[in-house]
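Undergrad: Residue strings, one per chain:
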Amino acid sequence: MAVTRTEKLPVQSSEDIVRVRQAVRAWAVEAGFNLVDQTKIVTAASELARNTLVHGGGGSAELESLLAGARRGLRLTFSDQGPGIADVQQAMQDGYTSGSGLGLGLGGAKRLSNEFEIRSQPGAGTVVRITRWK
Amino acid sequence: MPERTSRIAEFVERHEKDLLSSWVDLQLKSIISRRDLINETEIREQSRQFLHLLREAAGGGVSDIQGPRWEAMREFLGEISRVRARLGFTPSETAMFVFSLKEPMFSLVRKQLGNDAAGIADETWATTLLLDGLGLYTTEIYQKGREALILRQQQEMMELSTPVVQLWDGILGLPLIGTLDSERTQVVMQSLLERIVESGARIAIIDITGVPTVDTLVAQHLMKTVAAARLMGADCIISGIRPQIAQTVVHLGLDLTSVITKATLADAFAVALNRTGRAVAPAASARA
Amino acid sequence: MERIPILKMGPLLLVSIQVDMHDQLALTLQDDLTDRIVKTRARGVLIDISGLEVVDSFIGRMLGNIAAMSRVLDAETVVVGMRPAVAITLVELGMSLTGVRTALNVERAMELLQVATTNGHAASGEGMDGRHPN
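Chains as they are written, first to last, in our numbering: chain A, 342 to 475; chain B, 157 to 444; chain C, 493 to 626.
Think of the hints as simulated: they come from the structure by calculation, not from any bench.
A few of these clues could be false.
Stated by the list, open to error - Covered, in the sense of this in silico footprint (three residues per stretch, anywhere, with C-beta under 8 Å from a C-beta of chain B), are these stretches of chain C:
1) 546-560
2) 594-600
To be verified - Calculated lysine to aspartate or glutamate pairs in the DMTMM-like style (CA-CA distance at most 25 Å, straight line):
3) Lys500/C - Asp512/C
4) Lys451/A - Asp411/B
5) Lys451/A - Asp371/B
6) Lys300/B - Glu231/B
7) Lys475/A - Glu303/B
8) Lys475/A - Asp428/A
9) Lys475/A - Glu231/B
The beta-carbon is built from N, C-alpha and C at its ideal position, and this holds for glycine as well.
Excised from the complex, chain A in its bound form:
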């Protein structure tokens, strides 16, 4: 599997979240995703970018264009150096929220993606990675 293109965007403000949405949309269009799949990954990106900003104190979003054989994919990695998540299982449950959100961010992003990975530890920040294949 090859990474054919990569770009890193800052997630430090709510305008950055909009920029991430727009960048992910452009990359999804380029990868040839249909409209529904585009909408799913852009929405997932919006959820995760907001998490990064609101719970992680800001961080970055890395976009990667993938090629596995003839199959194209888009991989997004959201990282922050924030407080980290003590109980990832709990955080993944719908409705669980440590703030004023609805608690759908992580579970929702997972349902909207083909692949989902999360690494987080208290005091060591959080990294969430999602992939969507065409």
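Using the hints, position chains B and C against chain A.
TA: Just chains B and C, lined up with the frame of chain A:
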């Protein structure tokens, strides 16, 4: 990956004419060249172009044929592969165009390197790897072409077999027929939602009389479609639920309480009329 | 500061969201609407989201909040023009937007608002913009 250097580019440059000539002769003699589908001029021209591109790209190394240096060659091979596939060549026959260059290349290498056994072994190996890679590339292109064709045909079939009908002003009907697989259901459901928007329908009746079985995935897609339609502002009624499907639904523990379901399309239509504020009355016989 | 414009049409307030809103803009809209409902004693709010390609949980929550707050202020809200791709994604995300009434188009939305605003709220003796409760 460290670039494998090779003297292929140099050899080809110095002896291009002879190499081309012996390669073309070899192809003309072989049945697998499909002289019935392609003529000598075309064989000669394609071979000439191949050697030209080979010479240009190989100068920078021969191990990474996916890299930018080999792009022109890849495009050329892609084009050849597509054209030949259309003409009726099998993928092996197209690949043989590339593989058939091995014999004249190996002769050339032996002639150039004389007594240098190690050198001959190295160059022969490098040539083999390179031509194998390029030949297999033509096969990959062939595969992709077939896949794209099948995909197109599938989509056309799906569109043809799942029409959305306007049953009445503001009431759409979607009669599903045949077995539903996950992918077909998704396509159908998306087009239903789009039709709902286009027609401003208030109620969509999804009739599954013609569907023999419903599995969990399909049931979930149906439920999600109903939920999506409701989010958009339209209601759905599922009709045509046969006893077997009702059993499956209960078995799978699916919760259909939020969806209106009717046994027949007719019942569903009556409900839809009612909910959109209409009633059916006998025509008044005004001609007395 | 940029704001989403709110138009008044008789007893109704109309909002058409045409831009990819950043979070602050969405919160400002929420506040502005609540303000205007009180000031104009509006009976209905129509929010046109046909221009939104993405509705994530934040925007979804905003819509829910607007519906709830306007109800408390005796006004009914209808959200119009949700795109199919957005609806499919919201379902996958797990947002049901309960409490938010939706309509496919403005015509249908007006019908809903007529019904809502003439049912049960008719006892108010104050004439609003010369409108007679019936």
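Undergrad: Does each hint hold? Answer for all of them.
TA: Against the structure, the hints come out as follows:
Under a criterion of three residues with beta carbons nearer than 8 Å to beta carbons of chain B, the stated coverage of the region 546-560 of chain C fails, only 0 such residues being counted. A stretch counts as covered by a chain when three or more of its residues have a beta carbon under 8 Å from one of that chain; for the region 594-600 of chain C and chain B the count is 6, and the coverage holds. Taking the CA atoms of Lys500/C and Asp512/C, the gap is about 23 Å. The hint holds against a cut of 25 Å. The straight-line distance between the Cα atoms of Lys451/A and Asp411/B is roughly 23 Å, inside the 25 Å bound, and the hint therefore holds.
Distance restraint check for Lys451/A and Asp371/B: the Cα-Cα separation of roughly 23 Å lies within the 25 Å cut-off, and the hinted pair is therefore satisfied. Taking the CA atoms of Lys300/B and Glu231/B, the gap is near 14 Å; set against the 25 Å cutoff, the hint holds. For the given pair, Lys475/A sits about 14 Å from Glu303/B by alpha-carbon distance, which is consistent with the 25 Å threshold. Between Lys475/A and Asp428/A, the direct Cα distance comes to roughly 32 Å. Violation of the 25 Å bound is thereby established for this hinted pair.
Between Lys475/A and Glu231/B, the direct Cα distance comes to roughly 23 Å. Compliance with the 25 Å bound is thereby established for this hinted pair.
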